[in-house]
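Protein chains: 2
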Amino acid sequence: MYIGIDLGGTNIAVGLVTDDGKIIKSGSTPTLLPRDYKEIVSDMAKLSEKIVAEEGLTMADIDGIGIGCPGSVDSRNGVVAFSNNLKMEHTPLVAEMKKYFNKPINILNDADAAAYGEYMINGNNVDSFIFITLGTGVGGGIIINKKVYSGFNGAGGELGHITLVHNGIPCNCGNIGCWEAYASVTALIRQTKEAMEKYPDSKMNEIAAKDGKVNGRTAFAAAKAGDKAGNEVVKQYIEYVASGLVSIINIFQPEKIVIGGGISREGDYLLNPIKDYCNKHEYNKYLEKTELSIATLYNDAGIVGAALSCKK
Amino acid sequence: MYIGIDLGGTNIAVGLVTDDGKIIKSGSTPTLLPRDYKEIVSDMAKLSEKIVAEEGLTMADIDGIGIGCPGSVDSRNGVVAFSNNLKMEHTPLVAEMKKYFNKPINILNDADAAAYGEYMINGNNVDSFIFITLGTGVGGGIIINKKVYSGFNGAGGELGHITLVHNGIPCNCGNIGCWEAYASVTALIRQTKEAMEKYPDSKMNEIAAKDGKVNGRTAFAAAKAGDKAGNEVVKQYIEYVASGLVSIINIFQPEKIVIGGGISREGDYLLNPIKDYCNKHEYNKYLEKTELSIATLYNDAGIVGAALSCKK
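Chains A and B are the protein sequences, given in the same order.
The first sequence begins at 28 in the working numbering and counts up one residue at a time.
The second sequence begins at 28 in the working numbering and counts up one residue at a time.
What the hints contain is simulated information worked out from the structure, not anything from laboratory work.
This structure is a prediction, so every number in the text was calculated from the model and none was measured.
Check before you lean on any hint, since a few could be wrong.
For identical chains, the list gives no copy identity; a pair is met inside one copy or between any two copies.
[Unchecked claim] Computed cross-link-like contacts, BS3-like style, restricted to lysine-lysine with a CA-CA straight-line distance of at most 25 angstroms:
#, residue 1, residue 2
1, LYS307, LYS174
2, LYS302, LYS338
3, LYS312, LYS114
4, LYS49, LYS173
5, LYS174, LYS316
6, LYS316, LYS114
7, LYS130, LYS73
8, LYS49, LYS130
9, LYS174, LYS126
Kindly produce the complete structure, drawing on both the sequences and the hints.
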């Protein structure tokens, strides 16, 4: 049994995870930034103990604790090298947590944790696996030789920050033309709003008015209802997503790619045109191809991946 | 002592390589395509024996033979899965070579071999290393955990075929907007010709007339001589190169990237503006950065890498 912790800028989510990756109990507490990291670790420890106790267990039943957090993580030394979200820099999170629990404790980047979670549940033990999340941003994680790969400094796997459009629109990261600026939910909402303005009679306007806002589902819902402008938005968005995936495939030829994040709930409606595009545009035309599928763990992926990353 | 073979569509180059990667003898023979792969292997074997004999050695002194060849290679099974250049498909090259020499024989993709050669000579034994070659195309190789990474099907590492410009110009691979279509020597020559037409008074026209043709050095030579149009071509070309490198860095955060191929002979004149661009545009702003440098082996990289790939 393991503890998986998803340490976010807003909430600390803790889960009790079985050896085969099932969350049997979970809870959360606010991160309450900004505050000293020692207080955050203290809360992580308390919440872990509480959840374990609620299941009638003690911390002695726990084989390891995994912590996923945003930013650049030095897993080898158990240190958050830099996290803008958490306002941490060279923070020895593992050493601090060890003061509470003397057991294997692992820390890794949150996208890497989510990738590892999806890998452990949906990866079929393949050697090479990529996880892409289409959320507020475009995140990702790389599994090579069954292990998370994050570069020599822990800052690798920033798959959302490959260039999609040279000299394209500004990205949050400070660069321009990043995949994330075209393929995130944020980008889709922007693309939807632009189309709504251009086509005020489209179903998107109707749907957004009913929902009270434009979200990542607006264009998809309109497209499914036969709206031409909505269909155009979705088609263009899927092309952006798939075009970035072609780069990823041409580089890695991973055995599997799993697509997660909010948009992935569109399922086959999203996946099938992505597959068609990749099939048509990828470099490899003669050999066995990467299998593309939709994630299944959603928000649990980070907790499951962090927990199982302690498993030897 | 090892034999390294660079099996190309035009020539078979064979080198006798020391344990520390020095070529002490080499030779070549035409590939004479199309012909049966058994005849090609027979020529590879004969040339190997000849070179070894010329050094006063016998094949008993050779610890292994490495073969680099274009296309998708199934290294594990010693098979050329598919090579357009060599007109090979599921060709058991290693098994055939074993008929001549009963010793370790390894086959790998030629760009991977070159990457491994540069890695072994210039890689300082780092864990993660990327080699990029700016030649007729843009090629590359990935070294992770000190080993060549080429995906589950052997077709990975096609670094020239990441998208640089969504919906950009056609690439040889059938896709559009690939990095290769903007950053190869072929692309630079096209960019130079376009600028020469636009600015008939530029030094580029003068230099090309003297050389009898436009080549990858034309714009660089003009730029160095203070030609404004030449400088514009070089500046734009370097931006294309560097923009693709930013994607590579954001994905891999490799400890080292080495840039080879014909254009790399421009040395610091190429490297320094690339470093500036990457520094400004890459995602990682807080942690140790990837070291960029220029290759040193040029055409020998493939032979050295193939040879040393047999070394256990």
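Please flag the earlier hints that this structure goes against, numbers listed from lowest up.
1, 2, 9
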